[in-house]
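S.K.: Below, each chain spelled out in residue letters.
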Amino acid sequence: MIVALPFAVGGVALLVCILVCMVRLSIGPTAADRAVALDTINTLVVATMILLGAAFNEVVLLDVALVYALLSYVGTLFIARYLEGGLD
Amino acid sequence: MTIWAVLQILILILIVVGSVLAVWLKDLLASVIALGGSSLLLSLEFYLLQAPDVAIAEAGVGAALTTAIFVLAIRKTQRKEEE
Numbered sequence: 001m002i003v004a005l006p007f008a009v010g011g012v013a014l015l016v017c018i019l020v021c022m023v024r025l026s027i028g029p030t031a032a033d034r035a036v037a038l039d040t041i042n043t044l045v046v047a048t049m050i051l052l053g054a055a056f057n058e059v060v061l062l063d064v065a066l067v068y069a070l071l072s073y074v075g076t077l078f079i080a081r082y083l084e085g086g087l088d
Numbered sequence: 001m002t003i004w005a006v007l008q009i010l011i012l013i014l015i016v017v018g019s020v021l022a023v024w025l026k027d028l029l030a031s032v033i034a035l036g037g038s039s040l041l042l043s044l045e046f047y048l049l050q051a052p053d054v055a056i057a058e059a060g061v062g063a064a065l066t067t068a069i070f071v072l073a074i075r076k077t078q079r080k081e082e083e
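Residue numbers (the working numbering), protein chains in the order written: chain A, 1 to 88; chain B, 1 to 83.
No lab work stands behind these hints: they were computed from the structure.
None of these values were measured; they are calculated from a predicted model.
Beta carbons: idealized from backbone N, C-alpha and C, even for Gly.
Honestly, I wouldn't trust all of these hints.
What the hints assert, rightly or not - Below, a list of computed lysine to any residue pairs in the SDA-like style, where the Cα atoms sit at most 20 angstroms apart:
| hint | chain 1 | residue 1 | chain 2 | residue 2 |
| --- | --- | --- | --- | --- |
| 1 | B | K80 | B | S19 |
| 2 | B | K26 | A | L83 |
| 3 | B | K80 | A | G85 |
| 4 | B | K80 | B | L21 |
| 5 | B | K80 | A | R81 |
| 6 | B | K26 | A | A32 |
| 7 | B | K26 | A | T30 |
| 8 | B | K26 | A | A31 |
As the list claims (entries may be wrong) - Going by beta-carbon spacing under 7 angstroms, a handful of chain B positions derived as facing chain A:
| hint | residue |
| --- | --- |
| 9 | V6 |
| 10 | L29 |
| 11 | A30 |
| 12 | I33 |
| 13 | G36 |
| 14 | L44 |
| 15 | Y47 |
| 16 | P52 |
| 17 | A55 |
| 18 | I56 |
| 19 | G60 |
| 20 | A63 |
| 21 | A64 |
| 22 | T67 |
| 23 | V71 |
| 24 | R75 |
Work the whole structure out from these sequences, hints included.
M.R.: Okay, here's the thing in structure tokens:
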């Protein structure tokens, strides 16, 4: 598969950002730090999916990013409600 | 080695890091968060391998459902793992 070079370089840059967030997810002192790191990784993965959808030049691939962006906040919502002491 | 291979290798390294963290951490909530990150990147890897429907299923089950159910289970039991 031939991917244009700027798209691939952008994808690698976004993955380096995900790597930095993964460092925070591993060393984060509190669970809130880890939850924020997970939410940032969510956003970066959606951005990577849209970038690669543009690189492959297929519209179908954008639907995955759309569904993912609609679903990804649920986990963060549950973690936040647990940290606040709710969820009964 | 093309930059395409660099992309895939980076994602696979991140999946392994997330999975090791999910096993290694003693705080179960942090472990669930690490599992969520690992599942997220697995979905991105399915996406890169040209399987968008599998990526949608993995995103729905792995990101939303699994995290919510694990957090509910931790709420009912205890948060720290016993030695």
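S.K.: May I ask you to test the interface hint for B:I33 with respect to chain A, counting a Cβ-Cβ separation under 7 angstroms as satisfied?
M.R.: Cβ of B:I33 sits 5 angstroms from chain A, so the hint holds.
S.K.: Could you check if B:V71 really has its C-beta closer than 7 angstroms to a C-beta on chain A?
M.R.: holds, 5 angstroms
S.K.: Against chain A, is B:L29 within 7 angstroms by beta-carbon distance?
M.R.: holds, 5 angstroms
S.K.: Does B:A30 pass the interface check with chain A, least Cβ-Cβ distance below 7 angstroms?
M.R.: holds, 5 angstroms
S.K.: Double-check B:Y47 for me: the hint is only fine if its C-beta lies closer than 7 angstroms to a C-beta in chain A.
M.R.: Holds, because the Cβ-Cβ distance from B:Y47 to chain A comes to roughly 6 angstroms (cut-off 7 angstroms).
S.K.: Please check whether B:A63 passes as an interface residue: C-beta within 7 angstroms of a C-beta belonging to chain A.
M.R.: Holds, because the Cβ-Cβ distance from B:A63 to chain A comes to roughly 5 angstroms (cut-off 7 angstroms).
S.K.: For B:K26 and A:A31, compute the direct alpha-carbon distance and say whether it is at most 20 angstroms.
M.R.: holds, 12 angstroms
S.K.: Given B:V6 as an interface hint, is its Cβ closer than 7 angstroms to any Cβ of chain A?
M.R.: holds, 6 angstroms
S.K.: Regarding the pair B:K26 and A:A32, is the alpha-carbon distance no greater than 20 angstroms?
M.R.: holds, 16 angstroms
S.K.: For a C-alpha distance cap of 20 angstroms, please report whether B:K80 and A:G85 respect it.
M.R.: Given pair B:K80, A:G85 holds - Cα atoms ~16 angstroms apart, limit 20 angstroms.
S.K.: Would you check whether B:L44 satisfies its interface hint, that is, whether its CB is within less than 7 angstroms of any CB in chain A?
M.R.: holds, 5 angstroms
S.K.: Quick one, is the B:R75 hint okay against chain A at 7 angstroms, beta carbons?
M.R.: The hint holds - B:R75 has a Cβ within 7 angstroms of chain A, the shortest such distance being about 5 angstroms.
Comparing the model with each earlier hint shows no violations; every hint is respected.
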